[in-house]
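There are 2 protein chains.
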Amino acid sequence: MTPERVRIGLLGCGNVGSAFVDLVRTRSDAIAARTGLRLEIGRVAVRSLAKERPVEVPDGVLTLDAPGVVVDPDVDLVVELIGGVEPARELVLAALKAGKPVVTGNKELLAVAGAELFAAAEEAGVDLLFEAAVGGGIPFIRPLRESLAGERIDRIMGIVNGTTNYILTRMTEEGVSYADALAEAQKLGYAERDPTADVEGHDAAAKAAIIASIAFGVRVVAGDVHDEGISGITTADIAYARKMGYVIKLLAIAEQVEGPAGEAGEVAVRVHPAMVPADHPLASVRDSFNAIFVEGAAVGDLMFYGRGAGGSPTASAVLGDVIDAALNRTRGSHATVGTLGKARIRPIDEVESAYYINMDVFDRPGVLAAVAGVFGAHEVSIRSMEQEGLGAEARLVFITHVAREAAVQATLRDLHQLDAVDRITSVLRVIGG
Amino acid sequence: MTPERVRIGLLGCGNVGSAFVDLVRTRSDAIAARTGLRLEIGRVAVRSLAKERPVEVPDGVLTLDAPGVVVDPDVDLVVELIGGVEPARELVLAALKAGKPVVTGNKELLAVAGAELFAAAEEAGVDLLFEAAVGGGIPFIRPLRESLAGERIDRIMGIVNGTTNYILTRMTEEGVSYADALAEAQKLGYAERDPTADVEGHDAAAKAAIIASIAFGVRVVAGDVHDEGISGITTADIAYARKMGYVIKLLAIAEQVEGPAGEAGEVAVRVHPAMVPADHPLASVRDSFNAIFVEGAAVGDLMFYGRGAGGSPTASAVLGDVIDAALNRTRGSHATVGTLGKARIRPIDEVESAYYINMDVFDRPGVLAAVAGVFGAHEVSIRSMEQEGLGAEARLVFITHVAREAAVQATLRDLHQLDAVDRITSVLRVIGG
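Protein chains in written order, with our numbering: chain S, 469 to 901; chain C, 469 to 901.
Keep in mind that the hints were calculated from the coordinates and are not lab data. Keep in mind that the hints are not guaranteed to be accurate.
No distinction is drawn between identical chains; accordingly, a pair holds when it is met within one copy or between any pair of copies.
To be verified - No farther apart than 25 Å at their CA atoms in a straight line, the calculated lysine to any residue pairs in the SDA-like style are these:
1) Lys655 / Ile706
2) Lys810 / Arg832
3) Lys711 / Asp747
4) Lys519 / Leu880
The shape of chain S in the complex, shown without the other chains:
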C-alpha cells in the first residue's frame, strides 16, 4: 500500500514548532508503516526568515505569508503554534473555512474564542484538535472527550502550570523562599522574566476554562475563571501544611452541578493555591510536571500525569492530533466538540471549600472565645484548632469545615476588627480530608 501524503501547513516555528518539524521527520517512516499516512511539512509560516532555528527548514518551505498557507491547495492540514489570540484566530477560521483540519496548541485562543472556533469547525465538517493546549504532552483532552463521553464528571482538579509547581516543590522539599525558588526557576528557563502570568494563576485560568468547556460541554471563557496565585505563599505556610499532613499546590478546579439532560447546569471554575492531603495523588506531582485529576460518578478517581510544557512533549501531543485528524480526513469523518451550552457560572462568593486560617492574636483571656464567636456568627464551623504561644502573642491555626466563600470572607473582615487579633497571616483553601 502506498502511504497517503498529508501535507502540513505549520504556522509558527518557535520552540514547539521546531520540535514538531523534527519529530515529523524522525517518525515519518514509522508512522507511514503503522497508519498508512506519509506526513510532510509542506509549508512553514514564520515572522522572520532570517532567524536562527534549532531545526533546518528548506528554503522553499519557509514563508512569511501565513494567510497564504492556510488557503494553499497544497496544504491538507494546518498546525497553529503561533500563540496569542490574533492573528491566530483569523488564520484558524480561514483554514477551517477552506475545509482544512486544524491542530492547535494555543490556550489563549481557545480560552477566549473556543466556542466560535468549535462552531466553525462543525460548520466546515473538519477537525479542530487541541490536545497540546492544556497539559502539554499529557494525552488528556482526547480521553476526556471520547473515553469519558458518557461519564458524569463532578470535578476536575489540575496542576496545569509547571512553573508554579516547580517553585512550590522547591519551597516544600528544600525550604527555600518563594523569591529564591522563583529566581531559580527563571535561571532554569522554567519562568519568564516577567513571571506574572504563571505565578498569579492567569495561565492556569486559561487552561481551566478549556478543561471546564470540554469536560462539561459548556461555554467557559478565561474571564469566567476566578484566579489567585502563589506569590503570597510563605515557607511558614508550607511548614504548617506539612505539619498537618498537607502539601500546597496551585490547583485549577472545575466543578459542575449537571442540569436536567440537555439543559445546562451550573459550573464553578477557579484557580488558587490549596492544601492537598499528602497521600492524595496530586501531592506527589513534583517539579515542573503537570497532572489532571478527574472525579467521575461511575469511573471514580482518575489522574493523567506528564510533562505540561517543553518543545518535545508538546510536539508529541500535536503529532497525535495530526495523525488523528489526518485519519479522520481519509475516512471522511471528524471529531466534534458539539455546541457548547450555556451554564450558569457560579460566582466565587458561592463556591464552597474548607479553609486553613492562620492568625496572630494578643495572648489575653477570652481571645479564643471572641475569635470562635466570629466564626460562629457567620456559620463557619471549625474542624480543628491549634494554638502556639509566642510570648505576648499567640498564633492560632484553624481548619474549617466546608463553608461558603462569602461567609469566610465576612468572617475574615470581622476578625480584622477584633482588638485581640493582631494580624491574619494566611488564608488557604483545603482540599479533601
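Starting from the known structure of chain S, fit chain C onto it as the hints suggest.
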C-alpha cells in the same frame, strides 16, 4: 434532532455487566443530548435466568441464547463481558462476522486470541474496542492507540493488579505480613479464595501482553510473558526497601527496541515485583488503585492512574467504548489496531535490570572478597553494599548496576556454592535510580 437508536446486545450480566446496564439507564438522556445517540440495552444473554442480579432486566430482554444475540438483526452492537476464552472467542468472532462492532473487557480472550480477533474486526470493517480489559476504568488504551500513535514508546511499566497492590500497600504502610494482608484482601473481596492468578502475577501477565501488543504493534500473547508473583515478599524486604528509599510494587513491564520502519524489532515483556524509588510516580499508587507509566521518546514520562477494577469503573470504560463504536458506526468508519507484526520476544535470560540481593554469610575473614569475586566473575557490577552484623553471621545487602538476568542467575548459583554463604534471603529487581 431525533437521537439515533443504538441497540446493545450484552453478553454476561455479572458485576460489570449489571453496572453497565445501570449506567446506560442513568446516563441515557445525557448521552443522547451530548452525542445524538440513544443507547438501549436490547438483549442480555446470561447463563441462568433465575439468578438474582443487582439490576433489573425486563423479561423480554434476558435470554440464554448468546449465539442468537450476536447475530440478532435487532442488535447493533455487542458488549462481551462473560470472560474467559471460550465461548467468548466464538461469540465475538460471530458478532464481527455479522458486521457488528464489539466492545469487550475480556483480558484472557485478548491475551490469547487478540491478533485473530483484531484481524477479524479489520476484515469486517467494524470496531473491536477493549478499554476495560486493562486498567479497569482508566482511559489508557485509547490514548495509547491514538494520542501516542506517532510516539516511539520505549517502556511501559504498569501496576495493573489491584489485589497485589493492596497487599503490598498494607505490608508497606502497616507492617503486616504477606499472609495477613492477603487474608484481609480476601475478607474485603479484593482477592479470590484461590488468589493464585493475582498473587503469582498471571493476571498481570495477560494485561502485559495486551499492553505490549497495542503499544508496540506486535503480537504478544500471555505465554510470551515471564511472570513472578509477590508471595515470596517478606516484611524484611519491605523494611530494607524503605531504608534504601524504595517501595516494592508488582510491575508489568513491556520494553521494545524498535526495528527499522515497518519491520518488527524486539520486545521484552515480564511481570515481577520490583523496588521502585520512593519519589517515582508509581511509588505513590496506593491500595487497590492501578497506574500505567509510559516512557516515550518525545513525550517523556506519562502516567495514567485510576481504579483498575470494580463494576462501576469498568462499566464506565465499556460505556466510553460503546459510544465511540456507535459514533464510528454512524460515520461509517472504524478504529483499527492494524496488523500486529511479529517481533522477537526477548527471553528473560537476556533482559537487563539492576538487582537487590540480600544474603546471610558466616562472619569470617575474606568472606566479602569471596562474595565480591563471584559477582566480578560474572561481570555483575556492584553499585552499593551494606553489611550488618548478626553475631556469628552477617547480612550483606547488595544493589547491583544493570546486569543481564542470565549473569545474575549464574552469580546466584555460584554464591550458593560458597561455604561462607549461609543463605540468599532475597533477590529483587530495582527500577530507575
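Tested hints:
no., hint, in the structure
1, Lys655 / Ile706, "within (23 Å within a copy, 39 Å between copies)"
2, Lys810 / Arg832, "neither (53 Å within a copy, 79 Å between copies)"
3, Lys711 / Asp747, "both (14 Å within a copy, 20 Å between copies)"
4, Lys519 / Leu880, "neither (54 Å within a copy, 59 Å between copies)"
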